[in-house]
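Once you have looked at the hints, place chain B on chain A.
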Amino acid sequence: MKIAVCVREILDPEIPSKAFKIDAEAKRAIKLPEVELVISDYDARALEAALRIKDSLESEITVMSLGAESAKDIIRRCIAMGADEGILVSDPAFDDSDSFATACVLAEAIKKQNNFDLILCGIQEGDWDSGQVGSGVAELLGIPSVTRAGNIEVNDGKVVVERVVTDGRETVEMLLPALVTVSSEIGEPRYPSIRRVREAAKKEIPTWTAADIAPAIPRSEIVSLFIPSREAECEFIAGESPEEMGSNLALKLREAKAI
Amino acid sequence: MSQEELKQDILDVVTNCVKCRFCLAVCPLLDITKGWQGQGASGITLAIYTALKWEVEREYKEALRDLLFSCTTCRNCVVRCQETSVGVDLLDAIDKSRQFFVEEMYGPMPQQKKPLEFLERYGNPYGMLPSERKEWMKGLGVPDYSEATAAEVLLYIGCTATHDPRIADVARALIQLLKAAQVKFGILEDETCCACPTFRLGEQFLAEEIVQENISKFKSRGVKHIVTLSPHCFDTFLNNYPKSEMQGIKVQHYSQLLRDLIKQGRLVLKSKVEKKVTYHDPCYLGRHNDIYEAPREVLGSIPGIKLVEFNRCKADSLCCGGGGGRMWADFEAEEERLANIRVREAISLGAEVIVTACPFCLINMEDGVKSVGVEDSLKVIDIAELILSAIEEQG
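Protein chains in written order, with the working numbering: chain A, 1 to 259; chain B, 1001 to 1395.
Isolated chain A, as found in the complex (with noise of 0.2 Å):
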């Protein structure tokens, strides 16, 4: 069982709201030197199906990202998690792919590499959040995929996966070669210890560049880029009694009119 898990390397998103920056003209995050760079949560989750179906199956898992050379410091982290071998996909040519050309850029690492029965994609970016790249690679594969998995098995062949819907599960049953988008609900991705990690950084990882993979042209373009402002008052209201003080509420929230 030869299994390929994309994963994307970025901004630690636990950091304080107030430490997230952007460039507005260049229209891209900024990275302050004291913020650290992290695996998309949603992708270690997909790793972490990988690695619940190599438990019980024997499987070799691949990690393949799209990113900056520093993605070769989460690659290394998914090895630590269990994860066999990884490749950086990665040139100054990519830098400005959208989901279309992520989508199309993965493919084409995943064809060359030719041998996977599952594909494994987070349910969406942890920064962006599109989630189009999962379903945009296997539609260039011309492969089956399945979204919002909670739960995969993998017998005979085939994959059968259970998706979380608004009012439940439903359980999709696919043909091997495949693709599945894993949610959150699959569970909490597994610590690696640090030595793992520590003996982890001494592995290679290869770069595969614009001359293995050809670029792709994006197909969407963000117009402008900014941080919404907030702004948030509070007022108590006061009151004699706890009944006083409702109907104060109810006055001022109509007055406002918010009721």
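Bear in mind the hints are in silico, worked out from the structure with no lab data behind them.
Every clue listed holds true.
Taking lysine to any residue pairs in the SDA-like style, the calculated list, with each CA pair at most 25 Å apart, reads:
{"id": "1", "chain 1": "B", "residue 1": "1113", "chain 2": "A", "residue 2": "55"}
{"id": "2", "chain 1": "A", "residue 1": "54", "chain 2": "B", "residue 2": "1063"}
{"id": "3", "chain 1": "B", "residue 1": "1134", "chain 2": "A", "residue 2": "13"}
{"id": "4", "chain 1": "B", "residue 1": "1007", "chain 2": "B", "residue 2": "1054"}
{"id": "5", "chain 1": "B", "residue 1": "1179", "chain 2": "B", "residue 2": "1273"}
{"id": "6", "chain 1": "B", "residue 1": "1113", "chain 2": "A", "residue 2": "197"}
{"id": "7", "chain 1": "B", "residue 1": "1379", "chain 2": "B", "residue 2": "1303"}
{"id": "8", "chain 1": "A", "residue 1": "203", "chain 2": "B", "residue 2": "1113"}
{"id": "9", "chain 1": "B", "residue 1": "1114", "chain 2": "A", "residue 2": "15"}
{"id": "10", "chain 1": "A", "residue 1": "203", "chain 2": "B", "residue 2": "1205"}
Relative to the frame of chain A, chain B by itself:
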């Protein structure tokens, strides 16, 4: 230590357990769970023993993980075993089992992953950026510690005080006291975690990296005397840092320094505090390091104070529930919170104030007061805050 060596060590420790079950009676987990044997003390270590000896499936290991990481590491079982049975160090088995589970990627608890990741990324378990942590120091008028500043004492604030506003109040009170007593002290502007959460959560490799970083910081700045705000930092420096590397560095919890300053007449307690107070022994000060008297001597110096003891005090003290990495996790099997029990015990003593000397105890106990609904009749404060109110008229 390899996995095989860890496994052998765990089996060796637990093999000595004679299953007398005396430890179960004092395990705080049995106060808040259904009280099944496997939910506390030697019940946990025997379950781990069985799992290691006869290899169990992953799903059982996840259930075992929940038991293993629920331990408060309060050390009550170890003390009881030493006093009444064969003296097995169950906590050593718990610590090593956690290391084993983390290395096997079964542990820690899902909620405890973030603090470990934050420790690796930013040097603290709360995810504060280094610049954010420094903000706390602004306006305090405390110099960065170095020999050049002629500081005698390195005040080790700890991560919780720089993150939690309530504990920052305690740190400010302590700083005021040290200034009043004219102690020459400094703080590390680039202070990071002492490594306590990494040791408690079984992340040994990261712990050792942090220890080495801190030791080189202490050495390069010529640190001779460390005073910690938290009993957890105190215990880590004292018992987890290599003794050879810490040679020549005196480590104190601040309650010990306050006792010394009062004895030397450098802190004069003039104002009466006419309150009925009870002192809650933090596990990592009391049972882990036998410091029971210093805080009591400090309290005894306050004019007008009436100290009443919990029925479970000193070596029998009940854990607040915050030790062993539990500040970052909730456990489904628990039906009650230890701090709530402690608050009810204080109420039954007629105490008006619970005094403690640990950030975790303070946070948990204040939550307990709110959750039990006794905010009007019971306050929780730190010893430093109480002493500050007793010297306020001074100078």
